[in-house]
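Please model the complete structure; the sequences and the hints are all you need to start from.
Residue numbers (UniProt numbering), protein chains in the order written: chain A, 1 to 501; chain B, 1 to 843.
Calculated directly from the structure, the hints in this document are not laboratory data.
This one's a predicted model, so the numbers in the text were calculated from it and none came from an experiment.
There could be a bad hint or two in this list.
[Said to hold, decoys possible] Distance condition first, Cα-Cα at most 20 angstroms in a straight line; then the derived SDA-like pairs of lysine to any residue:
no. : chain 1 : residue 1 : chain 2 : residue 2
1   : A       : K129      : A       : G88
2   : B       : K383      : A       : P470
3   : B       : K397      : A       : P470
[Said to hold, decoys possible] FRET-style restraints, in silico, Cβ to Cβ:
no. : chain 1 : residue 1 : chain 2 : residue 2 : range
4   : A       : D56       : B       : E526      : 49 to 55 angstroms
5   : B       : R801      : A       : D56       : 33 to 39 angstroms
6   : B       : Q392      : A       : G372      : 49 to 55 angstroms
7   : A       : K411      : B       : H178      : 37 to 43 angstroms
8   : B       : E526      : A       : Q442      : 34 to 40 angstroms
9   : A       : L212      : B       : L616      : 58 to 64 angstroms
10  : A       : F55       : B       : G529      : 49 to 55 angstroms
11  : B       : N790      : A       : Q442      : 52 to 58 angstroms
Even glycine gets a Cβ: it sits at the ideal position worked out from N, Cα and C.
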Amino acid sequence: MSCALLLLLMSLALAMGTGAAVEIQRPRGVPLSKRQFYEENKPFTCLDGSSTIPFDRVNDDYCDCRDGSDEPGTAACPNGSFHCTNAGFRPAFIPSSRINDGICDCCDTTDEYNSGATCQNTCREMGRKERESLQIMAEITKEGFLLKQQLIHEAKRGQEDKQGKLTELQGSKKGLEEKVEALRTVKETAEDPEKEAKERHLKAWEEQKELLRMEKDKTRMAEAFLELDDDADGYVSVAELQSHLELDPDSDGSLSETETQVSQGQSEPPAPVETPQEESRDFVSDHDSDHYPEDYAGEEEEDVEDDEEDDHDEEEEEEKVTPEKREDDEVSMPPYDTETQSLIDGTYSHLQSLICDPECISICRNLEKEIGFDFGPSAEFAYLYSQCYELSTSEYIYRLCPFNRVSQKPKFGGSETNLGLWGQWAGPEGNLYSVMKYDHGQGCWQGPNRSTTVKLTCGKETVVTSTSEPSRCEYLMEFTTPAVCQEPASLDEVLHGHTEL
Amino acid sequence: MVQCSQYVLLRWHNTNLNKHVLTLCVCALRRQRALKPGQSPYRALLETLELTNTKLTLQLINDNNKVRLLLELYRLQGNMTRVKINELKPLKPRFEVPDVLINDPPTEPLSLLSRDENGVVLSLGADSQRLIVSAKPFRLDIMEGREVLLSLNSRGLLAFEHLRILEDGMWEETFKSHTDSKPNGPSSISLDFSLPGVENVYGIPEHADSLKLKATDGGDPYRLFNLDVFQYEVFNPMALYGAIPVMLSHSAQRTMGIFWLNAAETWVDISSNTAGKVRPTHTQSTPQTDVRWISESGIIDVFIMLGPTPTDVFSQYASLTGTQAFPPLSALAYHQCRWNYNDQEDVAAVDQGFDDHDIPYDFIWLDIEHTDGKRYFTWDPHKFPQPKDMLQGLLDKRRKMVTIVDPHIKVDSSYKIHNEIRSKGFYVKSKDGGDYEGWCWPGNSGYPDFTNPEMRAWWASMFAYDQYEGSMENMYTWNDMNEPSVFNGPEVTMHKDALHGNWENRDLHNLYGLYVQRATAEGLIERSGGVERPFVLARAFFAGSQRYGAVWTGDNAAEWEHLKISIPMCLSLSLVGVSFCGADVGGFFKSPSTELLVRWYQTGAYQPFFRAHAHLDTPRREPWLFGPENTALIREAVRQRYALLPYWYQLFYHAHHSGQPVMRPLWVEYPQDTATFSMDDQFLLGEDLLVHPVTEEGARGVTAYLPGKGEVWFDVHTFQKHNGAQNLYIPVTISSIPVFQRGGSIIPRKARVRRSSSCMEHDPYTLFVALSPKRFAQGELYIDDGHTFNFDKQKQFIHRRFSFANNALSSSQLEFEFDASMSVLTLRKPGVNAGLDWTVVLQ
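Listed below in structure tokens is the structure:
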């Protein structure tokens with residue numbers, strides 16, 4: 001002992017016997033498949049090969065192997081596992097820490113051989129119950145699968161129908177259009193002189209408009225530049241651009257340098273423009289922040305406005321508030337002479353009434369939308385489309401309209417809450433069609449927008465079986481449908497695959 | 001409106017616009033702070049001096065208004081001095097705090113050494129300590145030899161607003177929509193203390209601030225006023241949920257304590273002649289810290305604990321207010337909480353989740369939503385229709401539950417608890433005599449008067465198994481909102497003119513929370529016939545609350561700053577008696593990043609009260625929801641906690657037995673090492689484990705300070721040895737929890753981590769013996785049944801001392817392996833009984 005002895009590990013047993021019962025066939029906790037590694041009276045080599053120990057140290061309640069393999073039947077190794085045979089039910093591995101912890105884990109009671117816990121052997125009972133439920137499940141699966149075949153068949157027919165109808169509608173529309181085209185040719189030939197006059201008129205107008213536009217662009221750019229050039233040094237710096245959040249394309253609240261460069265790159269290089277100082281001041285003091293996007297974005301004006309409109313209702317309001325300004329921006333083309341006008345009007349209103357029957361258009365759109373949905377590999381979920389399923393709880397009525405929305409309505413009055421709109425299939429890899437995700441529901445106070453996850457399980461009936469709210473405003477719905485039933489394995493296979501008899 | 005024509009509003013700087021904006025009329029503080037140091041108007045009337053066996057009394061007179069005060073001085077056993085100052089003849093009695101001291105502190109005789117017209121000198125007995133009473137101006141100095149340890153009123157800030165008769169108008173103060181009728185008028189008190197040679201003061205929790213207290217010159221004072229603060233900020237002297245008016249001073253020479261026994265709103269001003277300055281090396285001026293205490297009402301009753309060591313101060317304070325309740329062992333294990341586990345199925349699923357992911361836990365908690373409409377002592381009939389089945393399910397796995405019982409009671413004539421409290425007249429009264437009502441979780445609520453012993457006895461009886469329906473022996477209690485929280489009250493608490501019997505809430509506000517926890521703990525003891533130890537968690541607390549259970553740092557947030565501040569917050573509590581402290585793991589408000597959550601588990605695993613908790617509006621965060629790698633990291637942190645439970649239990653036994661803190665700042669064990677004095681990013685558990693949690697986002701390494709010249713420290717994971725008195729850079733990965741065991745110590749662990757601490761009851765102990773450079777080590781092991789009072793009443797426990805000395809031990813039957821590369825010796829199955837004498841000799 002000349003080496004520095006620094007740390008000493010020592011186990012103290014409280015008065016507790018090890019009292020190992022006699023295992024005849026194999027050491028306690030060893031599965032049949034590993035039996036050959038535990039040969040009595042021969043040195044035992046840890047299953048990871050890390051060391052070899054005398055056989056009497058196997059299951060001696062002291063952990064020798066790093067992989068825990070020397071103590072399959074005791075709680076000594078932190079990473080060990082114990083095998084319960086569970087005759088009559090299915091075998092299982094449990095963590096070693098559950099051996100003799102006073103809690104019955106193995107249905108054959110073998111994990112509690114020295115804890116004083118009184119465990120009942122429940123394997124037979126559990127086996128019976130499992131077989132029963134497997135049987136029931138197998139029957140459900142079988143019937144469900146048959147129903148599913150029907151659903152697939154119907155879906156296929158339905159889809160064909162719909163496709164056919166769409167094609168037909170589109171075809172008839174096309175026919176109409178062709179007729180109109182023909183009519184138009186006839187008309188136009190007859191109306192050539194009129195057409196020329198119209199074109200001349202149009203061209204002159206376009207030229208005038210172009211002039212107006214160029215002038216306006218120039219002024220606008222100057223104003224924009226002065227606004228951006230915060231320190232009035234005649235150059236627009238990156239920092240100055242970053243201080244203008246309205247230029248922030250990803251709306252993350254800050255303008256990164258990359259973003260800044262992009263906006264600089266896209267707009268024309270800003271050059272100092274001779275603009276009277278007062279004018280720009282006036283603009284700055286008069287401006288309404290809602291006008292910023294138009295005024296700064298230059299050529300991107302249209303895009304920016306479109307994007308913004310979705311997010312900002314104020315913008316729309318602003319448009320209504322300042323109609324003069326709008327009119328000023330879009331000087332409308334002066335009308336043709338009245339004769340030309342009435343001729344064109346007459347012809348077009350007649351043609352439009354033929355092609356643009358609104359009812360027909362809406363049918364077409366709906367059909368296109370429905371055909372566009374992912375109703376599963378064989379369209380087996382198509383039957384859920386435009387259906388709704390309800391579940392009533394003590395407080396609420398929950399309503400699931402697949403591929404559309406989920407909602408919740410208080411039973412005793414109060415308005416309906418949107419718990420999410422159809423998002424996408426969200427099952428795990430290999431089982432994508434087992435989970436539906438609905439999101440962007442009504443916002444929660446201090447929380448996210450409501451969303452619902454719908455878990456689909458095989459059943460003969462299509463029904464919502466439960467709802468819950470595991471996290472605030474995140475709902476979970478259980479839904480059975482034949483559409484997820486898999487082709488059943490034969491009952492014998494199911495049972496034998498799970499039982500070590 | 002006579003006293004306070006102008007209001008001083010302190011506006012707490014809250015960033016979130018949603019939170020209550022706390023404003024406060026602090027007339028008393030304004031008046032008191034307006035006093036400038038200088039000539040005190042108080043003079044001691046030496047002719048009134050009386051000296052008895054137990055105390056000295058002396059009258060003081062304010063030469064400005066001729067009002068007389070009565071000074072009482074006591075020499076207390078255990079090197080303490082008590083100074084009490086009250087009005088000589090108050091118009092009516094002033095409030096003196098009851099129920100905090102565990103007994104009338106035993107005194108020692110004082111003796112008069114000398115006396116002249118300028119003052120008197122008294123002997124304080126041992127250590128050549130003297131107390132000098134100067135007459136004009138009045139001043140007290142406590143000396144040891146030629147050294148002044150501490151002076152009172154040396155800056156002349158003694159102030160005592162005497163009670164008087166209202167001549168015209170009203171005392172009333174108004175701010176925002178709240179009116180304080182102040183029927184007794186101004187009544188504040190103040191006294192200053194000077195601490196020569198002292199640069200470091202600690203304590204006066206609860207504040208989300210550094211361990212070492214800061215000078216308050218030019219800023220707000222540290223405020224002690226129990227409040228339900230919405231989204232508190234860190235590094236701020238603002239008042240939080242609890243208040244312990246105890247300050248420790250420390251220098252390399254001496255540790256002392258000041259216990260200001262007053263339960264009214266209190267402020268502490270600290271100034272230091274060295275604060276914020278590089279210590280002057282060229283001048284001779286000694287450092288000095290000046291402290292001033294101000295309270296809104298009551299009397300001056302201050303205990304000066306003279307140390308001289310940190311251990312002495314802990315013992316002295318424990319002798320006054322008692323020690324930490326010895327918790328059931330399982331309460332030291334891991335707690336899983338959330339606002340809220342929704343229903344019985346949810347509870348069962350979370351319970352199963354822990355088993356499926358092989359993560360141990362002992363307690364699952366139910367927040368307010370489990371009740372029937374926030375009526376405490378009841379269950380929501382839809383969500384929890386069969387509470388006993390649920391509890392039995394947990395019991396079958398040897399696990400436990402905590403349900404919340406808050407002190408606000410729904411005003412509802414169909415609610416039994418309310419009806420009984422109302423009919424017995426147990427509610428706090430408003431100034432006009434009716435039951436005081438305020439808004440809290442249930443809506444309109446009453447507040448039981450826990451200061452009334454009859455009320456407490458009745459409350460305790462409500463925890464009986466036949467009263468609290470659905471309760472079982474594995475169900476324990478959480479008292480939240482016991483500041484008390486009143487949503488529509490001033491600063492979200494009770495009106496100061498509300499009445500507890502004859503006393504205003506103003507007088508005893510900070511004491512309310514202690515009484516709530518006390519009554520509940522007594523209920524849990526009674527329901528078991530006095531056999532079982534209770535476990536009660538409370539948010540508000542006062543001096544003495546340590547006797548009744550655990551506290552936590554309230555509604556923190558899922559932010560790195562909040563993880564960091566949990567260390568000084570619990571250290572500050574530990575220094576003043578409250579060892580059983582923790583912070584919500586993960587942060588209560590907001591949602592933690594996965595990294596923050598993992599780091600918080602790793603930190604929480606080494607803090608006394610280890611509970612994960614989350615706000616209702618946050619996404620779920622059970623440990624297995626963040627992918628297998630993070631599940632494994634959290635599992636490992638929790639398992640480290642479980643393996644170390646024998647050591648935790650032993651530390652709590654000591655905290656209970658002798659008042660020594662479980663979690664300690666380094667300076668407590670290395671009082672002369674000035675490098676440790678302001679350290680609060682690492683701490684000691686007992687004296688043998690040093691923990692430096694990783695609390696920085698994206699950390700690649702931490703620098704831990706290993707204290708002690710000649711000391712060695714072993715990394716508990718790698719057994720690598722490091723020398724003491726050095727800053728050690730430790731590279732870290734996301735799995736690292738830097739923990740070191742002191743060479744010379746023996747720490748018991750249980751290596752078989754099971755699904756709950758109860759399952760590990762009969763498992764063997766593993767001793768980790770870390771040798772000192774002199775090849776010596778000692779340690780101990782404390783074992784009892786883990787949950788009853790039998791350790792105390794029947795002395796049923798095993799407490800062994802281990803020592804390793806003289807280089808060689810073993811017994812012939814022992815086999816051992818020695819791994820030279822790691823310097824680790826493993827004794828294989830020594831087969832000794834932990835309860836018997838034995839010697840193992842290595843040869």
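Comparing the hints with the structure gives:
As the CA atoms of A/K129 and A/G88 are separated by approximately 11 angstroms, the hinted pair is consistent with the 20 angstroms bound. Of the pairs offered as hints, the one joining B/K383 and A/P470 holds, with about 13 angstroms between alpha carbons and a cut-off of 20 angstroms not exceeded. Between B/K397 and A/P470, the direct Cα distance comes to roughly 23 angstroms. Violation of the 20 angstroms bound is thereby established for this hinted pair. Between A/D56 and B/E526 the beta carbon distance is about 53 angstroms. The supplied range of 49 to 55 angstroms therefore holds.
For the pair B/R801 and A/D56, the supplied restraint of 33 to 39 angstroms holds, since their beta-carbon distance comes to about 34 angstroms. A C-beta distance of roughly 53 angstroms is found between B/Q392 and A/G372, which places it inside the suggested range of 49 to 55 angstroms. At roughly 40 angstroms, the beta carbons of A/K411 and B/H178 sit within the given window of 37 to 43 angstroms. In this structure, B/E526 and A/Q442 break the distance hint of 34 to 40 angstroms, their C-beta atoms being roughly 48 angstroms apart.
At about 59 angstroms, the beta-carbon gap between A/L212 and B/L616 stays in the expected band of 58 to 64 angstroms. Against the hinted window of 49 to 55 angstroms, the Cβ-Cβ separation of A/F55 and B/G529 comes to about 52 angstroms, which satisfies the hint. Range check, B/N790 to A/Q442: Cβ separation about 57 angstroms, and the 52 to 58 angstroms hint holds.
In the structure shown, a violation is registered for the earlier hints numbered 3, 8, in ascending order.
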